[in-house]
Each structure stands twice: as structure tokens, then as C-alpha cells.
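K.L.:
Given next are the chains, with one letter for each unit.
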Amino acid sequence: MNGILTRGIFPVLLLIALAGCSGKKGVDTGDAAQKVYVAPGTYDEYYTFMSGGFSGQVSVYGIPSGRLLKVIPVFSQNPETGYGYTEETKAMFNTSYGFVPWDDAHHPSLSQTDGMADGRWLFINGNNTPRIARLDLKDFETAEIIEIPNSGGNHGSPFVTENSEYVVAATRFSVPIPNADVEIKSYAKNFKGTISFVKVNPQNGRMNVAFQILVPGFNYDLARSGKGPSHGWAFFTSYNSEQANSLLEINASKNDKDFIAAVNWKLAEEYVAKGMAKEMQANYVDNYIDESTRIAKTDKKSSVKVLDPKDCPGIIYYLPTPKSPHGVDVDPTGEYIAAGGKLATIIPVHSFTKIKKAIEDKAFESSIDGIPVLKYDAINAGEVKDCGLGPLHTEFDGEGYAYTSAFISSEVVKWKIGTWEVVDRIPVYYSIGHLLVMGGDTKKPFGKYLIALNKITKDRYLPTGPSLTQSAQLIDISGDKMKLLLDFPTIGEPHYAQGIKADILTKDFMKIYKIEENKNPYMVKSEKDSKVVREGSTVHVYMTASRSHFSPDNIEGIKVGDKVYFHVTNLEQDWDVPHGFAVKGNNNAELLIMPGETRSIIWEPKSAGVYPFYCTDFCSALHQEMSGYIRVSDINSKTALSYGTGK
Amino acid sequence: MRISSVFLLLLIAAVYVGCGGEKKAKTASQEAAALGITPFELENGIGPIKEKLKLEAIDNAKVKAGEKIFVEKCSSCHKLDEKYVGPAQRDVVKRRSPEYIVNMIMNPQEMITKHPEAKKMLAQYMTPMAFQNVTVEDAIKILDYFRSVAETKN
Numbered sequence: 001m002n003g004i005l006t007r008g009i010f011p012v013l014l015l016i017a018l019a020g021c022s023g024k025k026g027v028d029t030g031d032a033a034q035k036v037y038v039a040p041g042t043y044d045e046y047y048t049f050m051s052g053g054f055s056g057q058v059s060v061y062g063i064p065s066g067r068l069l070k071v072i073p074v075f076s077q078n079p080e081t082g083y084g085y086t087e088e089t090k091a092m093f094n095t096s097y098g099f100v101p102w103d104d105a106h107h108p109s110l111s112q113t114d115g116m117a118d119g120r121w122l123f124i125n126g127n128n129t130p131r132i133a134r135l136d137l138k139d140f141e142t143a144e145i146i147e148i149p150n151s152g153g154n155h156g157s158p159f160v161t162e163n164s165e166y167v168v169a170a171t172r173f174s175v176p177i178p179n180a181d182v183e184i185k186s187y188a189k190n191f192k193g194t195i196s197f198v199k200v201n202p203q204n205g206r207m208n209v210a211f212q213i214l215v216p217g218f219n220y221d222l223a224r225s226g227k228g229p230s231h232g233w234a235f236f237t238s239y240n241s242e243q244a245n246s247l248l249e250i251n252a253s254k255n256d257k258d259f260i261a262a263v264n265w266k267l268a269e270e271y272v273a274k275g276m277a278k279e280m281q282a283n284y285v286d287n288y289i290d291e292s293t294r295i296a297k298t299d300k301k302s303s304v305k306v307l308d309p310k311d312c313p314g315i316i317y318y319l320p321t322p323k324s325p326h327g328v329d330v331d332p333t334g335e336y337i338a339a340g341g342k343l344a345t346i347i348p349v350h351s352f353t354k355i356k357k358a359i360e361d362k363a364f365e366s367s368i369d370g371i372p373v374l375k376y377d378a379i380n381a382g383e384v385k386d387c388g389l390g391p392l393h394t395e396f397d398g399e400g401y402a403y404t405s406a407f408i409s410s411e412v413v414k415w416k417i418g419t420w421e422v423v424d425r426i427p428v429y430y431s432i433g434h435l436l437v438m439g440g441d442t443k444k445p446f447g448k449y450l451i452a453l454n455k456i457t458k459d460r461y462l463p464t465g466p467s468l469t470q471s472a473q474l475i476d477i478s479g480d481k482m483k484l485l486l487d488f489p490t491i492g493e494p495h496y497a498q499g500i501k502a503d504i505l506t507k508d509f510m511k512i513y514k515i516e517e518n519k520n521p522y523m524v525k526s527e528k529d530s531k532v533v534r535e536g537s538t539v540h541v542y543m544t545a546s547r548s549h550f551s552p553d554n555i556e557g558i559k560v561g562d563k564v565y566f567h568v569t570n571l572e573q574d575w576d577v578p579h580g581f582a583v584k585g586n587n588n589a590e591l592l593i594m595p596g597e598t599r600s601i602i603w604e605p606k607s608a609g610v611y612p613f614y615c616t617d618f619c620s621a622l623h624q625e626m627s628g629y630i631r632v633s634d635i636n637s638k639t640a641l642s643y644g645t646g647k
Numbered sequence: 001m002r003i004s005s006v007f008l009l010l011l012i013a014a015v016y017v018g019c020g021g022e023k024k025a026k027t028a029s030q031e032a033a034a035l036g037i038t039p040f041e042l043e044n045g046i047g048p049i050k051e052k053l054k055l056e057a058i059d060n061a062k063v064k065a066g067e068k069i070f071v072e073k074c075s076s077c078h079k080l081d082e083k084y085v086g087p088a089q090r091d092v093v094k095r096r097s098p099e100y101i102v103n104m105i106m107n108p109q110e111m112i113t114k115h116p117e118a119k120k121m122l123a124q125y126m127t128p129m130a131f132q133n134v135t136v137e138d139a140i141k142i143l144d145y146f147r148s149v150a151e152t153k154n
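Chains as they are written, first to last, in the numbering used here: chain A, 1 to 647; chain B, 1 to 154.
This is chain A alone, in the form it adopts within the complex (with noise of 0.2 Å):
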């Protein structure tokens, strides 16, 4: 009996107590642990930039370890940094609205040289209130936001052109062009797209609209530049081509086929230098970083070039695409166009020579407002079967294979390109939106991880009440069979992001800014220089910290109802050693004053009395002290302004 149960029952036992435990969500993945861990001290092997989705800003991972290595302030002002509140940002939020000091990002996209990913900028695009901002990944800052005009939302953009020649900005949502107080029920009469070509400077990537294609009033969504052959070319897709303009859930899906609108950008630069676009009025700005101050700037604009496909023909063609098209990807060699169908349950992946064939041929099936439709099975190159359910968007491996995410099914899709057969399919949890793998979207993709952005946790982790965290999942896509590594939390929702090799950009990167280049107008050079200034009722400190003190730090002579301007120069020239600043009672943020850099807060003190102020971030073993007062007394004092350190 004893023998028995050893021998026999209780092994069995054991294999049905350890298959229930594995059974759970995909647990048990052999070697996973040992693939996602990244050693103390060394680094990961890859960057990956994640949109923030509704928190506006981007998020820095490490891959594969998953690590969160730095949130950066885009579309958002960010008290934690005094981002969109200091003198010197405040202005990267004008718009022709006003100040919006919120936005909700999208799609990450890395510049790009010969279609690869050159570690220069990363471009995301504002969907709310159209803006496409660009990122200098030298400090890992924002330096520039464009606002895009003639836009109902700015969903399908940046999605850079394999030279940075351009970023693009299609309209999400369709609206009067120029916008007018009209009934919204005029919608298939008043309503119209636009379709944006962003001109990249290739010197210091500063942003101008070039150019706008006039289309039919659909809701263009996303999209993807050309590359190899199909350079000069860019793809975006469009649903609504009911032009519905309410209920869009039922009314806009009704049609089987709506567009991707290939538009040959090469040609309409021709039309623009042969004069044939309209100098449009509009309103817009284009905040930027001034390079010597690093002050943000605000130019305004007037004006926009404006094609109508009408007159210029050749420059855009309807490809007919099933249903609710939502995501367009196009492959390594730039010959298949891949089209995700939000109700599709097939992928449709379009041939660039059948395409520029079809065009020749005429293969034409109508023309919607100038606008050639080309004929499906024209351009047509094959069609994934068994994809799952509403394929989003495709992304590729460089070795031949494709990845697709389905939404409705909650699941990756392996494809192989040519034969169009499903070779592999492995589950995510849950709703997978975008998808990426490293450098998916260049001519060399790096492969080996791909990383899965969904939309809902539910019981992934612990619970934090209704709101749960967003998430990413890491898989391993190196050998045959796709591998589940790992789940982590992302800031707000991931929508698309952007991997790239770790040293393309660590051979390069900035640790401080040289004091010798700081040309804020208020910046002191040393403590010796540090001084306060009244003018009228404006008072300007000009203010040094260095490891552990501010200079001044003993301030009197501020009356209520001035306006005190904090202008804090951090002297340090060592890496990792930034400065905070905050003062009581401050209708207003801090400020994160990086090593060299002067930034400046404003104060307006309501109240006689003695405020202190501090660092804020943790410097020196004397950090604590590094501190200081100001004296507030009654507008009609007679305390003298005076200040000094260590007096």
C-alpha cells in the first residue's frame, strides 16, 4: 500500500496539482524569466518610445527588461519638471486656441535615413487639438510643436517619409474647410479632409506645413510613408466614406469597402513649384526651442498651400479596402501595403506594382470627387485568411514574416508575406491595439522582440480600484513560435511606440548643457553675480544653486502684489545633478533645473510674511539644508531690498 502510493498515486498527483497551476493565462514559460532579466548595473539591449496616449506625454522603456527609464513631457505641462509653467515653456502650448496645455498622443515615430531609424528625432502627433510635436533625443526633450491647421484631430500622423522629407498629418474627423458655423447635418456637403505634408529641416528639424491635399469628407485615420520602390509615396486609410455624421458605430460601417488613399507626394511637390496650390488663409503657430536661449518661441502663421486633387491629377488614388480600414503598414522592401480592417476578418495586402500598373491600365472601377477609385482585384496581391478578428495593424520581422494584431480576438497573427498563410498565432490579454516590433517599420528590422499594446488589464494585476493600468507584453519572436516573456504597466494608454537599438542612440547623448552656452537672458555666470532686481513692481531674482545652496538665499524688500520672478541658474557641470525649486505657497510648480540650465518660475506673493523656499531634488548629504527665506512685507513698507548668502 505505502508502496503504491509512492510509486504510483502520489506522482500523478503531483502532475495534476503542477498542470493546474500552469494552466493559468499563459503562465509557465520556461526560460522567460532568464530572457527578460537585465543584470544590475548593465543596460538593456534596446530603447523603446511609447505614446502616453491620454496622459499626452512619451514614455522611455528598457527592452527586454521592461524598466520604465523616463517619462518625457510633451503634450502636457508637468508640474514635476515645471514643463509648460516656467517663462521658458510656457509658450510650447500656444495654439490659434489659446493655451491648451493637454493633448492626447498617439503615434511615436523615430526619424528615419534611408529608411532607417537614425536616432535624431521622434516625432508624435496631438490628435485633440491637431498639433505634431518633435522630440531631440539628445536630451530626451521636447523641442518643438507644430499645430496643424484646416484639421478636425490629428489622428493619422507623424509616420515619417523614409528620409524625414516630411511628416504626414491626415484629419480624423472631417469638418467645414475653413471651418464655419454650419449645420452639422450639411456634413456630405460642407465637410471636407485634409491630408498634410510637414517639411522636416533636415538640418535642425524644425517644421513647416508644406502642403495640404483638399480630400472627400471621410475619417482619415492612419497611415505609412512609402520606402524602396514605393518611396515618394505615402498611404493613408480612411473610413466613413458614408459620410455619416452621426451614430458613426452603425452608420459609418455599413459600406464592405472603404479607402486607403495612396497619395504620390513626389508629384504634388511638383504642383506646389508649378504654382497650382491656393494660398489658403489659416491660423496656426509653430512653437519651437530656440537653439541659443533655449527659450520655447512662438511663430505665427497666416497661411497654407493648398492642393485640390481636381486640378492636379496623379496626385492621389482611392484603393478599395475592407471594412473600416484602420491600420496601413508597409513591409521591408516597400512593395506590399498591409491593411488592418477594424471589421474585417481578412487582411488585404495590396502590391505597389500592381498598383502603379492598375494606374497605367486605367483600371479604374469610379472617381469620387476627381479621385480615381482603382480597381480591387487590380492592385490586389493576396489576402490573409484566419487572421483573427478586426486585424489593427501589421508590423514585420525582416525575415519574410509579418505580425498583425487582432483586436476582437485578442491575439498576435504571424503571417508569412507572399504565400499569405498564418504560420503562428499566440493569445494577449487583452484587446491588443498597435503592435511593434524592433524597428518593424524600417527597411532592417532588428526582429527578435515584439511588444503587444492593450487596451484592458482586467486581471493582469493587482487591482487599483475601477482604473486599472494600461499595458504592454513582451514576446519573443526569434524563433518559429512566437513566446510570451512578459507583461509591464505603461503611463496612460500605449498606443503605437517605436523600438531602436540601444547605441544608436548612447553614442551620442547629452549629460549636461555647457554654462558656457547658456544664453537665457537671466542666467548668471557665478554666485558672485547673483543679485536681485526691482522694476516697478516686478522683481527679477537672479538666482545660482550649486551642491547645497541657493544665491541668494536670504531675500527682504519683496512687497505683496509684486510679481517675483525666480530665475535659478543650476552651476553644476556633472552628470545626474539637477536642482529643484519651490516656494511656499506658489500658485504655480516647481521648477527641475537640469545641470547648466536656467529656468524661471513666476510668484505672486498674497500675503506679508516669510516664505521659505527649498531643493527639491535630493543633491548632497546636505541637501536639507539647502534652503533659503523671503520676506514678504505690506505694499506700504519701507523694508529695503536687500539679499545675500551667508550674511
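Fair warning: there could be bad hints in the mix.
Taking lysine-lysine pairs in the BS3-like style, the calculated list, with each CA pair at most 30 Å apart, reads [said to hold, decoys possible]:
#1 B:K26 <-> A:K514
#2 A:K525 <-> B:K62
#3 A:K514 <-> B:K64
#4 A:K444 <-> A:K357
Read the hints as simulated data drawn from the structure, not as lab findings.
For chain A, the structure is supplied; the task is to place chain B on it using the hints.
P.N.:
Below, chain B alone, put in the same frame as chain A:
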């Protein structure tokens, strides 16, 4: 029992003397080796200066340039005659070799983790010396400034 106790005491004493003797006899090169640095580094600091500098006569223009750099890059922590965030600097050339001074300016992070003298200073002042993004040429100008102020002390 008694014999063994005496023996034990003698043994301990011998070991003690042995150790002490060794300590006394330890040369600079042994001390450096124990710290994992070279004797030159022990005397002259760890950094870009790896051999003795050929110092020229004090040049007024260089002193002026050195003073400007000192004021802008160093003076928020160092004064000439008072202990501030870091030690007073007027007599630094009497305490340290010129090479040590330049290496401390150029390579403070490694100095405070490896060099026994710099480690002592960190333990005393508690705020780590920071690299202030200067060149070796700048550091030598600061050295010239220190050489000049050491002479002008009244």
C-alpha cells in the same frame, strides 16, 4: 596548562609585533599596490595627468584666466580663505602636488572613490567634489591662479 597559556601569549605578541613591523616597513609602492593604484597616482592623484608637469613661471594672463574660471566654475563651493562647501584653496599648492590638483579637478569621481586622500576629504566635507566640465588647459590655468594666490598671502 600554565605553559600553554604563556606560549599562547607569546604567540599573540609575536604576531602583533610581526604585523606592526610590517606596517612600519610598508613602502609607498606597497601602500599604492594595496590600494590598487600606482605610486605616482598616490602622490599625484588619479586622472589625465600621468607624469610630472613642467611648470612655467607664473604668467599674469594665465592667472587672470584661471581666476575667471575659478569664479565661474568653482567659487560656489570653494573660497580662498574660508572653509565653505569644500576646503579653502589659498594654500592648496602647499598641501598637494600640482599634478594632484589638476587630477582632482579633472577626475573627482574616481578620486573620491579610489584615492585615500580624496576619500578622507569626502569623509570630512561630505559633499562630493564635482567635475565642472573644464579642459586640462583650464585646470592648469586654475592651478596657476592657485600658485599666484599662495604667494600673495599676507
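K.L.:
Now tell me, hint by hint, if it's right for this structure.
P.N.:
How the hints compare with the structure:
1. B:K26 <-> A:K514: The hint is violated at about 45 Å.
2. A:K525 <-> B:K62: holds (20 Å)
3. A:K514 <-> B:K64: holds (22 Å)
4. A:K444 <-> A:K357: holds (27 Å)
When the structure is compared with the earlier hints, a violation turns up for hint 1 alone.
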